[in-house]
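These protein sequences, in sequence, are chains B and F.
The first sequence begins at 1 in this note's numbering and counts up by one.
The second sequence begins at 1 in this note's numbering and counts up by one.
Don't read these hints as lab results, they were simulated from the structure.
Please note that a few of the clues may not be correct.
[Said to hold, decoys possible] For lysine-lysine, the following DSS-like pairs were computed, each having C-alpha atoms within a straight-line distance of at most 30 Å:
1. Lys67(F) / Lys450(F)
2. Lys884(F) / Lys693(F)
3. Lys67(F) / Lys24(B)
4. Lys197(F) / Lys42(F)
5. Lys406(F) / Lys465(F)
6. Lys465(F) / Lys122(B)
Computed from a predicted structure; not experimentally measured.
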Amino acid sequence: NLDLQPEDNRLTADAVFEDPAAYKAFLAKIYAGISLSGQQGPAGDADLSGLDEGFSNYLRLYWKMQELTTDEAIIGWNDGTIKDLHAQTWTSGNEFIRTMYSRLFYQVALTNEFLRQTTDAKLDARGVDAALRAEIQDYRAEARFMRALTYWHAMDLFANVPFVTENDPIGAFLPPQIQRADLFDYVESELLAIENEIVPARQNEYGRADQGVVWMLLSKLYLNAEVYTTTPRYSDVITYTNKVIGAGYSISTNPYYHLFLADNNTNGTQTEVIFPIAFDGLNTQSFGGMTFLVHAPVGGSMTPSNYGINGGWAGVRTTATFVEQFPGEENSADGRALFYTDGQTKAIANVSPFTNGFAIEKFRNVDVNGVQGSDSTGDFADTDFPMFRLADAYLMYAEAYIRGGGGSAANAVTYINQLRVRAYGNSTGNITQSDLTLNFILSERSRELFWEAHRRTDLIRFGQFSSQGIWPWKGNVAQGVTTESFRDVMPIPATDLGINTNLQQNEGY
Amino acid sequence: TSVGTTSDFDGNYTISAKSGDVIVFSYVGFKTQEITYNGQSKLNVTLTEDAAQLDEIVLIGYGSTTKQDATGAVEKISTEEFNKGAIVSPEQLLAGKSAGVRVTSNNGAPGGGSEIRIRGGASLSANNSPLIVVDGLPLDQRGVQGVRNQLNAINPNDIEDFVVLKDASATAIYGSRASNGVILITTKKGSANTPIKFEYDLKASSSQVNDYVDVLDATQFRAIAETDTNYNASLLGNSNTNWQKEIYQTAIGAIHNLTVSKGYENFNYRINYNHTSQQGVLTGDLYERNALNLSFVQRLLNNDLKLTLTTKGILDDNKYADNGAIGAAVAFDPTQSVYNADGTYFQYTGENLAPINPVFTLENNNNRARNKRNITNFNLDYKFWFLKELTFNLNAGIDYSELNGKQFNAARPTNSASFPYKNFYSGFNRNTLLDFYFNYKNNLELINAKIDLTAGHSYQEFFIKSKQTETETATTLVVRTPVINRNALESYFARVSFDIADKYLISASYRRDGSSRFGPKNRWSSFPGVSVGWKLTNEDFLKDSFFSSLKLRAGWGKTGQQEIGANYGYLGVYTPGRNDASVQIGDIFVNTLRPEEFDENLKWEETSQYNLALDFGFFNDRLTGTVDAYYRETEDLLATVPTPAGSNLSDLLTTNVGSVLSKGIELSLNGELAKSENFNWDLGVNVTLQENKITKLSLGNDPNFLIAQGGISGGVGNNIQLWREGLDPSTFYVFRQVYDNAGNPIEGAYVDVNGDNQITEADKQAYKKASPDVFAGLTNTLTYKNLDFSFTFRGSFGNYMYNNVASDRGNITTVNNAPGNYYPNAHVSVLSTNFNNQNLFSDLYLQRADFVKLDNISIGYLVPGEKITFRASLTATNVLTITKYDGLDPEISNGIDNNFYPRPQMYVLGLNFTF
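Just chain B, same shape as in the assembly:
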């Protein structure tokens, strides 16, 4: 008999969906697509095999694309072409860029498969009951949101990318390329289509997307619309940030740094979080995501136990340019200036040694009392990553106001001062309407949102990423130089260009 089927816990599609719980398990995989790297924690049975599993994690790669390429972060490791990210000397052969791209399209393929497996026809054929069907409709909306999120990342990083939906098969075909502006329309239409299908804001289970997340992503999309399509959409930013702000999220009275601790899903700061990427030291283990974000910035004379970990990875620091965003620099009254300076130099003479450049102590695996998270070995963190939070909505509102999208100056000032009161512990850091300038917004976004994977997109929107804007080691020169503007878009990886003849390389590469 040559017609053999799996006999262990692997199942064919027909067999697997006999279990009603399979739909939620598949949905969980789509969320896990951001936080985890495979079916075993922390590694083993990887989703992607083109790069070391820990490195291939979505959040880890997205963070590197958004942060290492900017003034906020620099890394000293010798992993492949990783240093080219900060130096802005990457080529289409860069394996981190390639794996980011692979990860994005893996996530798209995963959501497409989910949508194919949950069509009415399939559910009819499997005799799915009404209650489960209703739940599956929620799942489908969330899957479409997750796909829109990933296509947004793809559009933001790579501009013109392959385009596949649930209407395409699984196989070895060559997907067509979509232009950035067309992809913008698609993402927008998807988000608008699910806006009222998805669970209302703050009503879904923890970790799942809801209407608030959809509004937030629409706001991000419209804020950067000019970059993507050349057509500004700032009034839409006001519309959708208003929806987010009115949905009942709030800035807690906790100090700023509590937002990034092991108990950030319960310590009070969670009221501000619109979309968390949940991690857990025992149940959600990977070498990417939060494990990377708590270990890699620890080195030199830093005491690992202060960060709830067993040892640092001595990799990531920041540049002087970022330090100088804070008045008083490392001694700033601004509570967001979370620098570690013992044994560290502010200037970076050599990229490799950890002690060159100030360290940053933002993400930690300890709770508000300094107690280490659930993994007693100190390997894996409980800290959740706040992908979208209210502060960002406030800052987007203010920026859209300045850029002529409407809204009110008074609201903008009120919103920003809420953040600054938290940062300073009092009103000494407050601003007035005259401070509302684009330059201020760019700096304030960096102070409030640094290392939260926004910086590259922000710098590009402000025209400060490549041909303008200088920071240490940009251009692979200690004092920094400008680079060419084509670097605002990442190259389509050479591997995919080599295989998929439908693709055209982005300009400049």
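Starting from the structure of chain B, add chain F where the hints point.
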């Protein structure tokens, strides 16, 4: 016209003849005699054995031929030619013995396996190892779980001969598994009508490492550490420890073989008990084998029915030393002592990323596994009573092995929060075979031809189950879901051979294979082969030439490949995630479910191969030789390649893409330089020239498309080799180092290939390769009366090696920029390069690795006796390596030298008693 008859079992015959007729007496394996009949009533003849011809019966798949009649590239290597020494793994008997066959031991571990390549391997990422058939049972090409080398189940002492089928016309009868050649192993069976014979054989050995990786000594190391801007003297010790010396030992080994055999008229048996115990040079490493090998042959019905049963029971015990100690010994600070003053191990407590004291690791980490295995084959060979030329052959075989292992790793001393790790693993492999064929052999007088027809059917199934229970938290063990894999092959095969006038040979074979690994529409495929031969010396015009034999051969065949590892690659399956990879949804952690990538159009990889050859002999065949030339092309490669983004459920997919081409020339020469009663001298030489290249790699047509290969140490995600059209698959991909006027490398300065004034990925060049252009073997055997002396040389030329230890650790940063409070050791090359940082891709680290090795040299003396024959021998193996490569060993199969388990030098005392 001629008439013929056959004698009965006792040799009686009757035939009608008249005076003057010539009666020809012939029997296979004996010299033919012609007698002119002149009226005798009785004519008794005694045929003399034709030793040369007897030797030349050569197995081919599902049948046999003689060397003279073989038309494919088939080579037999028998006991006398085997490598000498305390050989644990049978494939080592073959190293250097056959043209076109490269056997590279994986490392110096006891009982470790080897990479076997016949004509370089036909695939890219699918299997490249030959199919191995033991007494008619094809082994699972993936091996069996939990052993170092699945071939260790075959006791080298028990092997009668190897037959290597190299070209496709010879291998096509094995169809879908034959692209990389086939090795047929025949074990010893004893023979009929022989008195009882006892044999005891002992090989006692001692081995040691004779070279270490060149790292800094304490003084050199301290000098570099002192240049650290944050130098902390308290982190260094006061010793001068050679950490590598601390982890290696003198390894003792012994191989015992006790054999009893006897042959009756209709029955013979052979019983062998083997005990092998071999320590590894890495302290704590041990390989042990206890095996019982039985073979019984029973002949019935006047020899028309022959039943053969061979069964091997093997207990394969391994104690695996933690190989992590090898890298740790290279990296460990030489100023530290192994032990603290209080007798405890020196450790970097609290430094999570620091190396762990390798002596501690070897002492405390334990991993033992036992594999119980049985390989049994039952063969029935029956000559039909009504038609003696027709035989039926049935073969039923099973290879069953059961694994039980346990591993214990001590808590990481560098992390006080870590806990010990326990791992209990078990499982079994079951490989079952049933095949049968009919064979018809006859002389067709009409056209003065011999015909040989075979047709049969085969079914083989492989079943693998693996279980594991391992530590999850400090206090809990978790039982993992068992993994089960089953796959099956079904085949029909046929072959027809003609020998016309003892001059022209024609052979054609055909196999149709079905594999469970492909979907219904691609499941079946056909593999034909054709070959022809012309025995030139049997032609009148060459009858009295200076050639004593001369045969021209040519063949073509198509073979396949289905060994891709995954069993359900055409079927979309879903894999559940483990608890430790679940996601929080609400207040609970939900286990995930992942759809796997698949290609429903997955099909066979197809290789077609042409072979042209000349077999020749001079001086009454005292000097014989063969030249083979081949051209081989593999299409629809089953390669794991990047999939177009968005089209499938992973970034890499095993699919049919691309093609590779290889061609080569193989020459072997065997000379009996001296042949007399007291003095014999045999010399065998083989030389292989080969070339492999990728001719197509993707669905697109970008000639610069490349896939990075050859992962290296030093950071993560770095590769040193590439696949690209037009290149050998083991080609390196490097920057060309720039040197100053004094000839010293300038750090970070490389040739700017594209002239854009910066050094980027685009300036990397494909340069040199790991595979050799030429390799050769030389075997020399001398006997003088009862004294024998032999040695084997092996050489490889045109191959390069990347010294990854030097590239990773040969820089100052390695010492001075550890991610913690300690100083790791550097490779000694830092003293000449003065490199500050890693320069992983500099071709500085790529070195010529041509070598000539004296693999073994042996001397033996035989004391003949009335009742007891006694032989003593002394052998040294891995005696000498001549190379320019300055790393540990120029012979590492993938061309990347990194934390290599050194191959020891071994001295063996052999004693053999026969009575």
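Here's how the hints hold up against the structure:
Distance check on the hinted pair: Lys67(F) and Lys450(F) sit about 16 Å apart at the alpha-carbon level, within 30 Å; holds. With a C-alpha separation of about 26 Å, the suggested pair Lys884(F) and Lys693(F) falls inside the 30 Å cut-off, and the hint holds. Pair hint Lys67(F) plus Lys24(B) does not hold up; C-alpha atoms about 66 Å apart against a cutoff of 30 Å. Straight-line distance between C-alpha atoms of Lys197(F) and Lys42(F) comes to about 38 Å, which puts the hinted pair past the 30 Å bound.
For a cut-off of 30 Å, the pair hint linking Lys406(F) to Lys465(F) stands: about 17 Å separates their Cα positions. For the proposed pair Lys465(F) and Lys122(B), the alpha carbon gap of about 33 Å is over 30 Å, so the pair is violated.
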